[in-house]
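In the order they appear, the protein sequences are chains F and L. Sequential numbering from 1259 applies to the first sequence in our numbering. Sequential numbering from 34 applies to the second sequence in our numbering.
Keep in mind the hints are simulated off the structure, nothing from the lab. These figures come from a predicted structure and were not determined experimentally.
No farther apart than 27 Å at their CA atoms in a straight line, the calculated lysine-lysine pairs in the BS3-like style are these:
no.	chain 1	residue 1	chain 2	residue 2
1	L	44	L	594
2	F	1386	L	680
3	L	40	L	594
4	L	798	L	724
5	L	436	L	344
6	L	808	L	490
7	L	100	F	1260
8	L	724	L	392
9	L	808	L	798
10	L	724	L	158
11	L	490	L	798
12	F	1349	L	44
13	L	40	F	1349
14	L	158	F	1260
15	L	158	L	168
Chain L residues, not near chain F, derived (Cβ > 12 Å throughout):
no.	residue
16	188
17	338
18	460
19	511
20	676
Listed next, the stretches of chain F that the computed footprint assigns to chain L, with coverage defined by at least 3 CB atoms under 8 Å from CB atoms of chain L:
no.	region
21	1295-1309
22	1325-1338
23	1347-1355
24	1362-1372
25	1399-1408
The C-beta atom is built at its ideal place from N, Cα and C for all residues, glycine as well.
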Amino acid sequence: MKPLHEIRFTLNGEPREFLVSPDDKLLEVLRREGLTGAKHGCGTGSCGACTVILDGRAVYACLLYAFQAEGRSVETIEGIGGFDHPHPIQKALVEGGAVQCGFCTPGMVLSAKALLAGNPHPSDEELKVHMDGNLCRCTGYEKIEAALRRVIAAGGAR
Amino acid sequence: MNPGDLKVVNKSAVKIDALSLALGRPSYVADLKPADALWVKMLWSPHAHARIVSIDTRAAERMPGVKAVLHHGNVPRVAHCTAGQGYPEPSPYDTFMFDTKVRYVGDRVAAVAAETREQAEAAVKAIRVEYELLKPVFSADEALAEGAPVIHDEPDLSIPIPVPYEPGRNLVAHLDMEVGSLARGLAEADFRFDRTFETHYASHTPLETYVSLAQIDARGRIVITTSTQVPFHCRRIVAQCLQIPVQRIRVVKPRIGGGFGCKQEMLLEDVVALLALRTGRPVFWELTREEHFRTGRTRHPIRIRLRMGVKRDGRITAFGMEATSNTGAYGGHGLTVIGCCGSKVLPLYRADNVAFEGKVAYTNLPVCGAYRGFGATQAFFAVESLMDEMAEVLGMDPVAFRKLNHIRSGEGSPVFEALGEGKKGVPMTIGSCALDACIEAGARAIGWERRTPWREKSGRYRRGLGMCCLMQGSSIPEVDMGGASIKMNEDGSFNLLVGATDLGTGSDTVLAQIAAEAIGTTLDKMIVHSSDTDMTPFDVGAYASSTTYLSGEAARKAGEKVRRQILEVASGMLDVPVEDLDAAEGVVASRDGRHRLPFSEIALHSLYLKDQRQIMDTASHITHKSPPPFAAHFAEVEVDTWTGAVKVLDYVAAVDCGTAINPALAEGQTEGGVLNGISYALTEEYLFNPKGRMTNANLTDYHIMSMRDKPPIRVILVPSYEATGPYGAKSVSEICINGGMPAIANAIANATGARLRATPFTPEKVWRAIQETSKIR
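This is chain F alone, in the form it adopts within the complex (with noise of 0.2 Å):
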């Protein structure tokens, strides 16, 4: 087996404790924690799948290894909406019919999230190319991009 080693980084705002090897990727230890919100589509930073946020920044949990998350602070799909209380951007995605298969749907919320955070009013060229590095084939994106404008319309998230 490998060495594991002791960990920390605050996960969805509580500070946490890991043991992880060198080469686990930040992914890997999150869907063994049992957060599988992040999905595995490539493994090589080309989907988006597997977004989450680090530190404010929308990052793919797949090319990062867990150390380097290490003294930071990392979000993912299950810390910001609940069944009851679904952030705007979820809700936006739902009501607006941007979930086909939505395998890809929580790594576009937290992307979305984290560019809206820093800039709430994006262009629509910007908006496109925060986005691209989020994949989906199921929608050819028409409604996910509507129901982030109207998002941001309506005074962007939280």
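Please build the complex by placing chain L on the supplied structure of chain F, with the hints as guidance.
For chain L alone, kept in the frame of chain F given last:
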């Protein structure tokens, strides 16, 4: 029923699973993996064509964590077909769980199950294989040539139904039909055309790769949780491969991350099931993206030769198509895809003389399968490109030329009867057809009146408008079957149990809307459980654009029967004849308005109080028609004539899918299919090295379009009413992918005069075609 009376159907209800998916709740196969599951890794063939002389797994078996190794020497040898189709399949049994021969780079050699992924990977590397290399063939022409290496020379392959199949010549299927006389039709024509088009290898690229989990339950049965479009076929094929009764297997499809046809296949399930049986442990196998590209199913590259004749007045006299496809190393979808090149395309235009010939070849390239559009995508590129070319020669507007020739309500086509799936087709008269309305709405939306001839255009950047017409089908008539059961609960809610398979398409929602409408309740009262071979009625699965039209009708029929039972119980409770009662929005009311009974009271009564019974019923459905949806697509492009780069500026898809059961979902299907079609036309392509190995097996080099790449996609749902479908519905999911190639090719031609006859339209191909055009300008 008057569409205005519909309460639940034809409404854009929120998809019933959308919130849980947006919240990231554990829903997919990989989310459900138990912590103690073994990991599977496969040793894939590095060679396109080779015989396995020897295989030594002893070192691998001794490695830490390794629990089992499978290879051709220790598994049942059963010829089967991995394609999930009706039984018996119209396809050769040419596949073995593991074989002594490998036929493409990415074919199975040996599987390892180990405690961790790393241990399984290490063990795979320790397997020693000696190969005898055989000469590979990579094109259909080479494969069908005299003296070509024989790819399937195993003595124990078979074909379950009597159709032309000559593995000794690498010929997987051969179809032939002629109505009237093509030669006569060409002789009668004022203008004759003979053109050949080529399409390319492509990947479905669902965001979730192939993934399966097998567990042995408390009674020793195998439970396979898998990302599949065909749970029932999967159960049957796994039973066949493992030589165990169907009864011992349960297949469950949870939420899955897209399919688009590639999961109409039994691809991982036999291996995880056998490993679970051998080890007694849960066994999990998820392909990496690279493995998905190499070993997963793909779109058939097809060469299409068209011979068409047309009169000066624009009437088509001869319509001949010869299609030759490369189906790769195994032939599961060879015959059916080539058949659809003809059956889903030729009927669109009237012609007295129609001929079709289809040939399918084995090669040593990745295996082609079912891909949304299913042969129609490839053939519509050819036909709709030539329709524009003919219109130009005739001096007619492409829209007017199509309107003159396309099939209409009340008309049939001899092709429907001539071309079936491994047998004769079913004769059909078109019921609903709103293609003219689609053409008009699309032309208006794109601004077709702005279109000017390409010869009038100049400068580096040139814009052009192109369009195409399309059709598809809705289920396979007299082959496909779908079932639905509905059970009433004591609070007036209902369990809807359907075998139908929601791939993210929203079919659980659509079927619940149909059932709720039929019962007379609201969508929020429906609890849907689908695609579980132990719990739900049979359904062939999600393919052939069948779910809404076919399984939807099963849901409607089951709903009607349950509604009748509810009215019977209410009749007893109220002492009012059933005929005087009606059910709507979860309440039974007498027509005179004097009595009202909520469903919850009726359900409680039926379960606890008097003449107790479980209100439930079931229905199944087959169809005798495959009513085509119709569509007109319009594209505006800008071509950089210096570099050949093509940018799609605007795209309009007007579609007649009958009644849209859920308009937002129908739009979503169309938007997604359209972008996949555009992406296939412009950027997506398998690249192979000279040894048949894909060189771009990752999502960076195989480019599917992003939000930034996409043009605006505008969808117009044009209503019609298909009398044989649930509440007037036809299919919507496949037709939308067929337009990208022809609409863009025609727009490029309108911008530059360059006619692209091979896909994808890469800058290099477009630039070269423009150079050819400038010579004749």
